Amino acid sequence: MELKDKLVSSFLAFENTVDVDAAVHDIRSQAIKTFEEKGFPTKKEEAWKYTSLNTVLKHDYSIFSKEENALDFKDIKKYFVHDLDTYKIVFIDGKYSSHLSETTHEKIDVCLMSSALTHEKYSSIINNYFNKIAVQDGITSLNTAFSKEGAYIFIPKNKIADKPIQIIHFSTGNESAQMLQPRNLIVAEENSQVQIIERHQSLTDNPVLTNAVTEIFVDKNAIVDYYKIQNDNQNASLIDNTYIEQQTQSIASVHTFAFGGNITRNNLNFYQKGERIDSILNGITIIEGKQHVDHNTLVHHTEPNCESHQDYKGIFDERATGVFNGKIIVNKEAQKTNAFQSNNNILLSDKATVNSKPQLEIFADDVKCSHGCTIGQLDDNALFYMRSRGIAEKEAKALLMYAFANNVLESVKIPQLKTRINKLIANKLGVNIGFDL
Amino acid sequence: MLDIKDLHASVEGKEILKGLNLNVKAGEIHAIMGPNGAGKSTLASIVAGKEEYEVTKGNILLDNEDIEELAAEERAHKGVFLSFQYPVEIPGVTVTNFMKTAINETRKAQGLEEMPAKDMLKKIREKSELLEIDRKFLSRSLNEGFSGGEKKRNEIFQMAMMEPKLAILDETDSGLDIDALRIVANGVNKLKSENNAIVVITHYQRLLDYIVPDFVHVLYDGKIVKSGTKELALELEEKGYDWIKEEINA
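Protein chains in written order, with the working numbering: chain Z, 1 to 437; chain B, 1001 to 1250.
Where hints are given, some of them may not hold.
Far from chain Z by the CB rule (all over 10 Å, computed), these chain B residues [as the list claims (entries may be wrong)]: (1) Glu1194; (2) Gly1228; (3) Asn1249.
Covered stretches of chain B, as calculated for chain Z (at least 3 residues, CB under 8 Å) [to be verified]: (4) 1066-1076; (5) 1103-1111.
No wet-lab data here; the hints were simulated from the structure.
All values reported here derive from a predicted model rather than from experimental measurement.
Ideal placement from N, C-alpha and C gives every residue a C-beta, glycine not left out.
Working from the sequences, and respecting the hints, build out all of it.
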């Protein structure tokens, strides 16, 4: 059976596990219809021209994990930023692990989507925010149809989360192939602040397909920083759909560190709904083999005096392929918008490919919008210069790549996370020199 | 120390060095002069190990060891240093961190421990004072936005940090005003000892007023065609290169 048919027919079984009388369930029922109609995206769609899901969709995925699986913290400690005190929301094969998690309801809510969707005390937040900005395309609708579990974070007015929050999804490989569909909701009310680190990690080479949807609401003057670490195994594919709505004078940043996985597609959408908003989209991609990473971004400016800053760096070796598709829309009313976009790529091999496409739709006349895209190689003269100072070729190349990616790394506000990412990069580049550029 | 014998080298099939001989002993300063296109910078790059040049004949010996097959970094580990005519801009890497990496990578290759941070800082302070380099300068990206003079001064600062056995200064005087020239030359002279050697490649005699060579060679059409003492440099300054060309063609 094709995956699409399997998913649609699984919906009945899924309905036995949720409250079909809840208001949310109408949304799910509608969503499965949308998915049935639209299905998975194909390369015929402009936005998916360079990313094919065919090879990923052919596996016979388990839609629901059959059993509860446990993990020992010591075996998976390395996937956490463990030298940092954080709240933790941990899932194993899509199921919540209370053993590995550290949640809270004190002043802020850091807990589970399954609670939020079923408990009365969250119903007004769910009614106000759930599925309000997620778009109605096939893939997001699929997630919405099966939305049941994920992270729920609520930071009330004037509260600052006292420590960062880590959201980690493990897949154990106990199923021969597993599909996961986490659904996250993050609401940061007026004047609040929160930092979130997210990671998807499969622990074996069994195929995993994650189709994640995260909705983030950033109210007036609130600050949300979201860090995504995508360093999964070679048979793990990820479609990560993130929707962010920002109100006046809020700041939201999403950093995406894509170092692994099979096929990774990031759909990152920012909707600005007020004035003097700042949206920051940063990314470092370092991949090799036949890995594929596709960043598909949208920033929609609707009000005057707002800014957006996009900076994506990519390093591609062997037959790796990258895509950057950055769309900026500036409405007629959004005068004095400053929108910047830059996408720089280094190809280390003749067989690596990058497709970079800026799309600017500007309807206001008094705006500053810029986009720049480069695709190049490491500079031979720079390499010789460094080698003539005793730095071996591999280290010289690594140093140049570090320097290339450094301004994105510099924008990471959590020092322990920055150190961790630094190490991941060193590991990735196969060098053992502690650069502190 | 450096013994180059009958060196022939080409780039993209074009022969640039055509049987060059040069012998430099420890404690000596040699100047190599010559008209544009004679092969001066090629010689510097080949000794430092630039890969795009192909040595078709002859040998380059450093302390009696053939270094022809060694990579640029391995030559650096053995004490070869090239001060670049056109230092490369490397955005995102600060001068300090570049030097730290260069020194520690070299020490690693020599089987030594990394230099303790305290010693490194002390050395950086000492050598930057020698070259009259502002501390702020050291935390800037390597060569990025540096003036011509700053780049050259930074090259000699790197030389001071690396303490090479053999330093080749490729047109270090170009782009320097007279004050900077004095500072750079003073730095080079302070680094000079009985145990190291310096090869100065230059167009003009001016630098040789400050860095006084023991020997002066004229490189023309891929060969050393004339050698002498520092007086030869003065003669070249006065008469240009045409008389040498005539001498050879005669």
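Each hint, compared with the structure:
no., hint, in the structure
1, Glu1194, "23 Å, holds"
2, Gly1228, "30 Å, holds"
3, Asn1249, "35 Å, holds"
4, 1066-1076, "holds (count 5)"
5, 1103-1111, "holds (count 5)"
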